[in-house]
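Asker: Letter by letter, the chains look like this.
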Amino acid sequence: MTCTLGEVKNRADFIIYWGGNPAECHPRHFTRYTLTQKGKFLPRGRKDRTMVLVDIRETMSAKAADIFLQVRPGKDFEMLTILRALVKGQTVSAEAAAETGLTLEQLQDLVNRMKAAKFGVLFFGMGLSMTRGKHMNSAAALILAAELNAYTKFVAMPMRGHGNVTGADVVMRYTFSYPFGISLTRGYPRFNPGEYSTIDLLVRGDNDATLVLGADPGATMPKPAIEHLTRTPTIVLDPKVTHTSRLARVHITTSVAGISAPGTAYRMDEVPMPLRPPLKSPYPSDEEVMKKIVAAVQKKPAWYPVTRTGAQVT
Amino acid sequence: MLTLTLKESLTVPLEAEILTPDVLAPLPHADVRALPVMLGKRQLRLDEMFTVEGEGSDDVEIRGDLTKVKWIGRNMTRGRVRVVGNVGMHVGAYMKGGSIEVTGNATDWVGGEMSGGIIHVRGNAGAQLGSAYRGSMSGISGGTILVEGSAGIEIGMRMKRGLIAVRGPVRDFAGLQMKGGTIVLMSGAEQRTGAWMQRGTIISLKPLKLMPTFATACVYNPSFMGLYAKHLASLGFALPHEAIAGGYQRHIGDAAVPGKGEILVWQPKLQLP
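Going down the list, the protein sequences come from chains A and P.
So for the first sequence, the numbering used here puts the first residue at 1; every next one is plus one.
So for the second sequence, the numbering used here puts the first residue at 1001; every next one is plus one.
Wrong hints could be hidden among the right ones.
Capping the alpha-carbon separation at 30 angstroms, the derived lysine-lysine pairs in DSS-like fashion look like this [to be verified]:
#: 1; chain 1: P; residue 1: Lys1206; chain 2: A; residue 2: Lys134
#: 2; chain 1: P; residue 1: Lys1041; chain 2: A; residue 2: Lys300
#: 3; chain 1: A; residue 1: Lys134; chain 2: A; residue 2: Lys47
Computed, partial: chain A to chain P, Cβ under 7 angstroms [to be verified]:
#: 4; residue: Gln90
#: 5; residue: Val203
#: 6; residue: Asp206
No lab work stands behind these hints: they were computed from the structure.
Backbone N, C-alpha and C fix where the C-beta goes; we use that ideal spot for every residue, glycine too.
Whole structure, please, built from the sequences with the hints as guidance.
Answerer: Listed below in structure tokens is the structure:
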């Protein structure tokens, strides 16, 4: 369950940031959408809103928060699961709850506030989705927000960063019906994160070539994945020389989207934003390069010459 | 008896869902050789990848480094598949009957959404053993998976019925969102065992790190332990004698769902009256 940032600005009277540091990583988030703006139904702006920050350490964002809850590292899933139990009025023992680094009273208070809110938002960052438990931590945040809708309006939204990553998800979703971790090897899309997702493919070494578009896996991925990128042909499309282009066979310099190439970028709430470039670039855009590659690939003969004999199993 | 030997080790995954007795048994030698397999995005004949010996049969033996061979025994309902060596993902997925034996290691998704039959892995297994596929409501709904080595994360995710027994240690989220069935953990698990479980039983012979949303119930010897031990012994998977008659601490949860699942942890030092 999610919404646009416009709705957050106009309606959200209760905001939780979980495992993120928006004050430093999304510096305009507070002022433009979540905290200080006056909204249609929140005429007094900041005074009408309550903000909770859940994180493992007191970051810069804690100063902006009304309540700061310091969760013990690696206990986010446990804390979210306790919150789910408390939302449903289940009893949780105080000793068991203490392992999250918070008292049962603090957690119960948070649940009471979440239920009392008119419109709650849970923003979760990489502190949640990239620590032990990974996708299940995100699932816990999403399911908590979904279940709170039995009491009030509550939405969850990931704090996306790094340019247009949301756009990649959105386009994949409307093209293949899945956002990521897709295999097209059989001619139709199949979805299985863990099997087809990039890091897992590279770590296992299941692919024999890689095309990198608008990313720098050489800087962020684990060592076995980078070694596989070095071993097999890697093609990088990027405006600048990245860690990945140093280990790639081919680097194609492209123009910068939004500065010297037009296009569409998706905001973290999946609202498309047109990009109008102020400058001209001598380099082609990613789109032009990709279209040329696709046209060249289409000229090659199809790989299905094998006559089909024997039983076909789907 | 049909014997297939992989000719060379693979660089990209080979999807060979036709390697089941249901497909192979009725076919003569020439037709077996012509069956389609997918090497990456290319469709090839089975004999381009495997040396084929014998006629189609309910007894199939597959040899070689099959680490990248996926979907062996998919949807099988009968017969016996023996894999000599390691095997790739999705072995025995959607299986309904028959048996699969793997002498080496298996990787992820062993017996995904199976509903009958038995899979015996002599080495280690990977993650999502007997789990539900993405977006699916239930994982294994019958049948048995036995693993002599260790297993990865999320084993028995959303399982509904059936039995999973693992001799080695397993990682996080064993029995995640479990809805029924039984998991036997002989060497314990890392953390978050039974998270979000609704129903079902997890038996552990080692102490577990439990979720805070589990409540402690009584200590007792569940009367079904003897039956389970006898059943497992008949499949060549013996439990230690002391554990069969011993006391088990019962934990109930997960309160977040709220669920009525049970986690039984063996108390070796405890003498039941």
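Asker: A separate judgement is required for each hint: does it hold in the structure or not?
Answerer: Hints and how they fare:
no. : hint                 : verdict
1   : P/Lys1206 / A/Lys134 : holds, 26 angstroms
2   : P/Lys1041 / A/Lys300 : holds, 15 angstroms
3   : A/Lys134 / A/Lys47   : violated, 34 angstroms
4   : Gln90                : holds, 4 angstroms
5   : Val203               : violated, 12 angstroms
6   : Asp206               : holds, 5 angstroms
Of the numbered hints listed earlier, those contradicted by the structure are 3, 5.
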